[in-house]
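**Student:** Chains as they are written, first to last, in our numbering: chain A, 1 to 205; chain B, 1 to 272.
It should be emphasised that the hints constitute simulated quantities derived from the structure, not laboratory data. Note that this is a predicted model, so its numbers are computed, not measured. Errors might be hidden in some of the hints.
[To be verified] Derived DEER-like restraints, expressed as beta-carbon distance ranges:
(1) A/GLU66 - B/GLU46: 45 to 53 angstroms
(2) A/LYS96 - B/PRO156: 55 to 63 angstroms
(3) B/GLN69 - A/GLY182: 50 to 58 angstroms
(4) A/GLY105 - B/LYS271: 41 to 49 angstroms
(5) A/LYS69 - B/LYS203: 27 to 35 angstroms
(6) B/PRO156 - A/GLU66: 27 to 35 angstroms
(7) B/VAL65 - A/TYR21: 34 to 42 angstroms
(8) A/TYR169 - B/GLU54: 57 to 65 angstroms
(9) B/LEU74 - A/TYR158: 55 to 63 angstroms
(10) B/ARG36 - A/LYS90: 58 to 66 angstroms
(11) B/ALA93 - A/LYS34: 18 to 26 angstroms
[To be verified] Here are the simulated DSSO-like cross-link-like pairs (lysine-lysine), alpha carbons at most 27 angstroms apart as the crow flies:
(12) B/LYS264 - B/LYS159
(13) A/LYS65 - B/LYS203
(14) A/LYS38 - B/LYS157
(15) B/LYS271 - B/LYS80
Cβ coordinates follow ideal geometry from the N, Cα and C atoms, glycine included.
Residues per chain, in single letters:
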Amino acid sequence: MKNKAILGFAGLAVLAGCATYVAPTKEESMQAVKSSFKERGPAKLDRLNQTEIQAVCSDAQMMGKEVPKAEREALEKKTLATIKYPADGKYLGDFKSGEKIAQTGRGLQWSDKEGSENGGNCYACHQISPQEISFGNIGPSLKGYGKLRGYNEATLKYTWGKIWNTHAYNLCSQMPRYGDAGILTEAQIKDVMALLLDPNSPVNK
Amino acid sequence: MSRQTWATTVAGIILSVASVSSHAQGSAAEGIARYREMLQDGNPAELTVARGEELWKTKRGPKNVSLEQCDLGLGAGVVKGAYAQMPRYFADADQVMDFESRVVWCMVNLQGMDRAAITKSPYSGTGQRQTDVEALAAFAVEMSRGMPVSIPQSHPKEKASFDRGRQAFYMRGGPFDFSCATCHGVNSQRIRLQDLPNISGNKQDADRAFTTWPAYRVSQGALRTMQWRLYDCFRQQRFPELIFLSPTSVDLITFLGVNANGAKMDAPAIKR
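So here's chain A without its partners, still in its complex pose (with noise of 0.2 angstroms):
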């Protein structure tokens, strides 16, 4: 009798329950997010494990929020550390090769060959060289890069941290880790340096 009553009570919290819904947890979507996927060619399921700094825009983004500024700044900061600036010292390779980077946007889709070279994709983004039409909106216009800013040493050393890891300098920024994440050899950031900051490049025409 005692235990049909406690099993009557098991029964009414079931039922009230349902009436108050409890939202999955993020531990709980990003589980089916887990199983929902499968690796194919270059793209492995490790991809799914989040980076602290993609879990914390994520979660930024999706609440409409700002990072708080504190914990903002401490991880801009870790990440500047990280940046891996060219051996030799030169900063800038071939502008020509570079156009041929900022346009290409092959490379790391589970339908690209496994090794293949990638491409650096920035029209999908940047208006680039003034001859290019096609060219997005989602980062700002590059046009005039060198020109505007200067051929400075500081010019070029944020340039380069920027392209290597965007997040050292906003850290919830939209664009790819180039250099951080192995997007891009050294020797082709050089090359879309000098598109963005040698003179003769068209950028700067």
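Given the coordinates of chain A, work out where chain B should sit on it, guided by the hints.
**Tutor:** For chain B alone, coordinates are given in the frame of chain A:
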């Protein structure tokens, strides 16, 4: 017109539009808008709709029955308006299902077909015939044309599907750090010249994103479903391959659908 002839005609239109555009990006965008307008005159998806209707009504599978006893949420056999109210919770399967999940469930449970065989290659390849699921989706969505999107949120599992979908929408990951929201969370954004709908923050964009799929994709000469749309977005997002009918695929469709509630279905649409 055959698929090939159609593609050639459209390619011709693109070329002529490109040749009249000046160097100004504004006129290029106008050209694209004109091209899109010209596409609306005829939609090859009609052929797929017709085949889907036939598939729905034909006795098939080991049990030799039609799908006319399949319950899409509005009662057995009711197709009219059903697509506009999915994903929804189905008690017999004890889960939330989008149209594609549900029709596969019916093919397996009513017609006795093999689930693994149906889901092995869910999207038709270049020059291939549309898959049965694609054809059935085309038919079902046509039967909801003009009807208001009304994705239910009364069952706790429907609410949970929306909430997980929202989390997945904002989840940044992979080597490019992209989430759905990277491209679809701000107004008036473009990749190259392609306009991107702001699905989380702009009602009009959210409406269009949900109500115009499935769609005939001119560049691929094929009808594509909502499951395909998400699968191909994740490819470009540099995520691993989204599994057909997986929990996250359904959760995201719930998220997109609820955000479009009240809008009128307008699919199969035709897109570039």
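**Student:** All hints are to be evaluated individually against the structure, with a verdict given for each.
**Tutor:** Against the structure, the hints:
About 49 angstroms separates the C-beta atoms of A/GLU66 and B/GLU46, a value consistent with the hinted range of 45 to 53 angstroms. Judged by the Cβ atoms, the range 55 to 63 angstroms given for A/LYS96 and B/PRO156 holds: they are separated by roughly 59 angstroms. Roughly 53 angstroms separates the CB atoms of B/GLN69 and A/GLY182, a value that falls within the hinted 50 to 58 angstroms. A hinted range of 41 to 49 angstroms is violated for the C-beta pair A/GLY105 and B/LYS271, which are about 19 angstroms apart.
At about 32 angstroms, the CB distance of A/LYS69 to B/LYS203 agrees with the hint of 27 to 35 angstroms. For B/PRO156 paired with A/GLU66, a C-beta distance near 32 angstroms keeps the hint of 27 to 35 angstroms intact. For the pair B/VAL65 and A/TYR21, the beta carbons lie near 37 angstroms from each other, so the given range of 34 to 42 angstroms is met. A hinted range of 57 to 65 angstroms for the beta carbons of A/TYR169 and B/GLU54 is consistent with their spacing of about 58 angstroms.
The supplied range of 55 to 63 angstroms is met by B/LEU74 and A/TYR158, whose beta-carbon atoms lie about 59 angstroms from each other. Between B/ARG36 and A/LYS90, the C-beta spacing of about 47 angstroms breaks the proposed range 58 to 66 angstroms. Between B/ALA93 and A/LYS34 the beta carbon distance is about 22 angstroms. The supplied range of 18 to 26 angstroms therefore holds. Distance check on the hinted pair: B/LYS264 and B/LYS159 sit about 22 angstroms apart at the alpha-carbon level, within 27 angstroms; holds.
With a CA separation close to 20 angstroms, the supplied pair A/LYS65 and B/LYS203 stays within the 27 angstroms bound. For the given pair, A/LYS38 sits about 24 angstroms from B/LYS157 by alpha-carbon distance, which is consistent with the 27 angstroms threshold. The straight-line distance between the Cα atoms of B/LYS271 and B/LYS80 is roughly 24 angstroms, inside the 27 angstroms bound, and the hint therefore holds.
Hint check: violations occur at hints 4 and 10; the rest are consistent with the structure.
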